[in-house]
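Participant: Listed here are the chains, written in short residue letters.
Protein chains: 4
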Amino acid sequence: VAGVTDLLAPAAGRAAELIDDAAVLAAAVGVEQAWLDVLVDAGIAPAPARHDLAGLVGPDDVAALADAAEGGANPVVPLVALLRERLGDAAAARWLHRGLTSQDVLDSALVGCLRAAGRQVQADVARQVRAMARLAEEHRDSVQAARTLGGHAVPTTFGAVVAGWLHGVLDAAEDLADALGRLPVQAGGAAGTLAAPDVLARAVGLGGRDLTARLAGRLGLPPAAPWHTRRRPLTRAGDALTACTDAWGKISEDVVLRTRPEVGELAEPPAPGRGASSAMPHKVNPVLATLVRSRALAAPQHAATLHLAAALAGDERPAGAWHAEWPALRALVRSALVAGSLTAELLEGLVVHPARMRATALAAADELLSERRARPRQDEPLRDAPDLDGAVGVVGALVDEAVSRAGSWLARPVGEGRP
Amino acid sequence: VAGVTDLLAPAAGRAAELIDDAAVLAAAVGVEQAWLDVLVDAGIAPAPARHDLAGLVGPDDVAALADAAEGGANPVVPLVALLRERLGDAAAARWLHRGLTSQDVLDSALVGCLRAAGRQVQADVARQVRAMARLAEEHRDSVQAARTLGGHAVPTTFGAVVAGWLHGVLDAAEDLADALGRLPVQAGGAAGTLAAPDVLARAVGLGGRDLTARLAGRLGLPPAAPWHTRRRPLTRAGDALTACTDAWGKISEDVVLRTRPEVGELAEPPAPGRGASSAMPHKVNPVLATLVRSRALAAPQHAATLHLAAALAGDERPAGAWHAEWPALRALVRSALVAGSLTAELLEGLVVHPARMRATALAAADELLSERRARPRQDEPLRDAPDLDGAVGVVGALVDEAVSRAGSWLARPVGEGRP
Amino acid sequence: VAGVTDLLAPAAGRAAELIDDAAVLAAAVGVEQAWLDVLVDAGIAPAPARHDLAGLVGPDDVAALADAAEGGANPVVPLVALLRERLGDAAAARWLHRGLTSQDVLDSALVGCLRAAGRQVQADVARQVRAMARLAEEHRDSVQAARTLGGHAVPTTFGAVVAGWLHGVLDAAEDLADALGRLPVQAGGAAGTLAAPDVLARAVGLGGRDLTARLAGRLGLPPAAPWHTRRRPLTRAGDALTACTDAWGKISEDVVLRTRPEVGELAEPPAPGRGASSAMPHKVNPVLATLVRSRALAAPQHAATLHLAAALAGDERPAGAWHAEWPALRALVRSALVAGSLTAELLEGLVVHPARMRATALAAADELLSERRARPRQDEPLRDAPDLDGAVGVVGALVDEAVSRAGSWLARPVGEGRP
Amino acid sequence: VAGVTDLLAPAAGRAAELIDDAAVLAAAVGVEQAWLDVLVDAGIAPAPARHDLAGLVGPDDVAALADAAEGGANPVVPLVALLRERLGDAAAARWLHRGLTSQDVLDSALVGCLRAAGRQVQADVARQVRAMARLAEEHRDSVQAARTLGGHAVPTTFGAVVAGWLHGVLDAAEDLADALGRLPVQAGGAAGTLAAPDVLARAVGLGGRDLTARLAGRLGLPPAAPWHTRRRPLTRAGDALTACTDAWGKISEDVVLRTRPEVGELAEPPAPGRGASSAMPHKVNPVLATLVRSRALAAPQHAATLHLAAALAGDERPAGAWHAEWPALRALVRSALVAGSLTAELLEGLVVHPARMRATALAAADELLSERRARPRQDEPLRDAPDLDGAVGVVGALVDEAVSRAGSWLARPVGEGRP
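Chains as they are written, first to last, in the numbering used here: chain B, -4 to 414; chain V, -4 to 414; chain C, -4 to 414; chain X, -4 to 414.
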């Protein structure tokens, strides 16, 4: 899959086109198709109304549809008109979209894109988790200085640091799995009352919810009461994606700090052309972490916009709040896709300098061991005066715990159900 | 419990003092107490070291502690010094806080405050849920116009509208229960390595995690690996609180819109002095909804600050990002407490004018029924020409579903485990 | 100029391509060209080094450059390489970009795009101002109810309401003009020290600032000390653009509220296909205001990202904070362009129903006149008992003041200098 | 002036009580007083109506007023009632607040608080500017490595770094002065129509604007057309305060990075108890910079809330958006006061280690000088091979420019008019 092009968002191409215009269009057509199939299968629409919509519109139509989207303030209105026109079958056309509203189609389509993107994020998380489990194991004895408020605090190991990264990523990935799994189908008709689906359904002795449940089944989504103006499914997904970029942001912060030449404990995986400067030939910039961080700094604001839209979801469809969700959602998904991919590559090839870590820790040993010697009164005898390696022994258990959690997570079946 | 005073945040007093300075102080002392008890019970500290800390400091110390907090950039540093001084027992003083770091104490204390506040929010949610279940039942046949983008869309009932509110609040409340239940104890020592607890524990044949698990048990919190720089527990709680204010914001938006005199379908519960204007004696302003909305508009930004802090949680304790969490968390918790209480009162006393709803719907009946008549070609015969009441029949099922969900939620045991 | 295509941002096409990838690329090439010309003109680079760069790269190169941008975490690194390669003149190539850093080029290019976009915004503001001045005049006597907290307050006129809109838009437009006029050239070399430009300049008896001032002159920008890590020029522009979307958001809020069928005082300008619903043939949705509002809800969060980037601009170029600015800036500029154009069209064709306004005001006259009768004690005699039209007489002065300000603003010379 | 107490916002006490509840209350009473005086002076109210309101209410009334504020969703409603009651003069009471609306009083009061707080910020800026001008001078030859994306870039001096800080702070301070100077009086009556003031004024042959202009004069504020729902005056001030915290955030970021022990170029001014850790006796944490940074991370979100409130300012007074401004404004003002004071102290006592700077730069000299040697082809002869000190010569001009700007700024008369 080719990627997104964006000159002002380096690495944008890593966001496979899972929520670009063509993907959204295809997903929307998929919703219309699934609904038409439901109507025909239920005997509501006549058999000849069944058509394959997939080929009727495609990426070449995006520009015209985007242009026409202004008229109805959403792209589904012109899409339905175009599909009906291209169907070339007036009898069938009257069944297309019948009983749905544009929000049903767009919400369900975006949910589909979100799930596909979420799966990709989870695949990159799996790469990250494997890499971190390996790093944590390899560096369980790589002594280094732990740092608080920038200063040397106590001894730790790089393995323990990575164990913390691991927990952080898994915390977010578990929430993401949960959020993706709870993204429901949207189907309720003009104002979410199910009136139109119900009228259709009654003709064959069914209820509106029977039809929308079948739609859910066809799209592989959970059924739900209409949620046009209760948007927690979307904000939950947005929050979880932001939790992911938070976790990666923390890793990137550590990498940037530790690749500084005065620290020199880490380096990014080298690659041709990576880290180059236009002015300074010697520079090798931590570009992967830099770009991860740039995404992590913006994601919370996109998530905030989703929440604001939820809080302002007045009436049965609000004028503006619903519409504000779309660009925010896309920006958030793309940020997660890009940052997830960059972080996976960063972790898989991370260059670790344990000797430098140890040298710094040794030079600061007096300070690093001061916690143990901390005591309210100076006449209290020291309980112990451990060496540096002894001091880090205990963090091995933190490494084990994190690696074990990683193993459990990786052992779960792939899909949005993981973990 | 007396409330918070804030002239610029009307209804601030509804936020019982669950996260004010005195509460945070008490919670911090509680963490120190629990840890001291753990050390004594484990035979690490001698029996005479056991002291009751609860009376040593109190609200009168807040000002001095707040002032002294600047020195260490957090209030725990001076608190420990003050407790040791007041203990009047140098032998015991050396065991106080021993093995902990200030972040252990403050994070665990804030977690405690969060859980207490969350329980209060859930109590108000229960009031809301009961009120909404009743409203939904009472108004299952109260026909009204559904509105999209401000315009009349299709018929619905006010009961169905309330059913949507109910689902929205329960979506958030379930996430809040989950987030509260997953707020863990924080205990890891200076840089989260567990080194100091472990040194203490080994003297009696235990490990550091054994001690921190006992601390967790005493505080009624789940144990966890140190999470000093992976902040999903806090952002998860912040996101869930924001989901609550989102759900209440949506309700308040609907109330404000429907109390407008031209609509006149709803009114706020009357109370002496409520809704008064300083200039216009006739005005009865929807002040409850107004204040709910004011909180819902700000909450997402507070949650965003928590996420940013998480993304910037570099090293083993970041300089500034951790510190930025505290005011954001307090503002978010208070907003949820206030808005939750206001919404409960609003819903419990909401005045509904079903006759006005019906009159408006009848006047717009031609338009409201147009969805059913929508057909691609005008020569297609109408399938039906239902009256308004027939058109709303189907939404009864939406009411039933929401009311049933409400009943299940209310039947769960009280506590942060609900639901 | 063709517009931007974005299926999830209806009306995106109204953002002429002033900050799309091709525009940014052209602006960046323009900066390189201007600098090369400066070097040649100053006698630093030899005359044969002068080349016309404009045709060397173009929109077809965007995809490859965007892809390569990841390596250096910005698109200028591969752009310089590509320009040097395509120049086909090794002697000249060594002068290209010499003395600049990628941030010099990208910042200056974005400043150029910002100014061009800002001019477009100002052109749409001029349309808005003319339309509002006309509306305010036409409706200086169109009595209507002023509304506070949703309720009827006192009498006003629609002309006075529009006068408020006018002031709001001009407040923002004046700040935008100021911010655009203060966007300076960026030119400082690798870390903003001017060392590289200075070395070049000294060869011909000049200083580095002489060269960067000449660059500024060629680009029509004010000169400035390097501002690589003090970002107020950008946040100022972002704040002003957000002030614009705020002002338009307020207008859109009023329009959405007053097009509600129960109010019926305003309607959007009709256009073929505008306001259509996919499910309800009768609906005419206020789509222009809806889309304006959707932009206004997201803009503040983009501006916040710019501020965060400024606050985190550590060292002489930060890893991530600088990079986070670009997508936020683009999103903000596009939002302003789209919302500005939509608002202009909305205002130019706004349909006003003064009879409906008056009827509502008359029906509520008792309430609307209550402010005048407000008195602390009921035994105080009424000073006056004015009729509705008398009550609105005073707002004519507000109309005059706003219209006069509009006239002054429109009389200033076009360009970012206005006013 | 005593400070604010907040256990979760260390250094909160540095925010002198310029916008706390007592200050807001006093400012509101001041507005009522000024208006009463205007009415009496104009001969509208009889001479015996003149009363001194200042002593009627005070800090002891805050709790009751805050409690009662819920009824009208703002604190002015109960304040007016209390003032009338305490006046003990029914004849005078009827003139109190007559013609004003609660928003007139609260907006004007907040504007007053904002200006007072802004003057305090400017006083701290003046301290900062003096300190930076001195540091820049003193360290104009303190060679150090400039850093981009964390890596060593080119030589600079610490003086030049401080020159950049200086420009950054002055950029913000100039905008703050502008914004403060443009904060107008609010006075328009119930819905900003000036109807009530006008009725009063006409009795003595004046217009409503004449009275509001006199009010403005008494309060020392510029007059303006009512701006109840065009909020640029407030967002402009919020943006400028955020620009200040941005500038200080950048400084704090640099300080935190450079106090890291591996860098060791800077240290915070020592003070008793400052920088202490509860667990590690050796630590000296950069607490001033830490706390500045914590404020800088949150400020942009508060400013975003102000913008959202502006964008949602529907009708003549919105239900919720206006109310959302107050806590955001207070949080922002306090953040600026605290961070401004901390930054002043940080800069006044900043400990600089030029030898360490030079040593690091010398060790990295080969890299630092690579920009100069950068050339497209390796066969191009080096133009020069300067030593480190020669390389930094040029930045002296940057120091001069910044110091000169500082001098001009400091020479301007004190007050909100500075600069």
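FYI, nobody ran anything at the bench for these hints, they're computed from the structure. Predicted model only: the values in this text are computed from it and were never measured. Just so you know, even glycine gets a beta-carbon here, dropped at the ideal spot from N, CA and C. It cannot be assumed that every hint is accurate.
[Said to hold, decoys possible] A few chain X residues facing chain B, derived, Cβ under 10 angstroms: (1) Gln28; (2) Leu357; (3) Ala359; (4) Asp361.
[Claimed, not checked] DEER-style ranges, computed between Cβ atoms: (5) B:Gly53 - C:Asp47: 35 to 41 angstroms; (6) V:Leu405 - B:Ala198: 52 to 58 angstroms; (7) V:Glu396 - B:Asp36: 21 to 27 angstroms; (8) V:Pro218 - X:Asp384: 37 to 43 angstroms; (9) C:Ala86 - B:Pro256: 33 to 39 angstroms.
Participant: Does each hint fit the structure? Answer for all of them.
Facilitator: Each hint tested on the structure:
1. Gln28: Since chain B brings no Cβ nearer than about 39 angstroms to X:Gln28, farther than 10 angstroms, the hint is violated.
2. Leu357: 13 angstroms, violated
3. Ala359: 7 angstroms, holds
4. Asp361: 8 angstroms, holds
5. B:Gly53 - C:Asp47: 35 to 41 angstroms: 40 angstroms, holds
6. V:Leu405 - B:Ala198: 52 to 58 angstroms: 38 angstroms, violated
7. V:Glu396 - B:Asp36: 21 to 27 angstroms: Holds, at about 24 angstroms.
8. V:Pro218 - X:Asp384: 37 to 43 angstroms: With a Cβ separation near 58 angstroms, V:Pro218 and X:Asp384 fall outside 37 to 43 angstroms, so the hint is violated.
9. C:Ala86 - B:Pro256: 33 to 39 angstroms: Roughly 35 angstroms apart at Cβ, these two residues keep to the hinted range, so it holds.
In the structure shown, a violation is registered for the earlier hints numbered 1, 2, 6 and 8, in ascending order.
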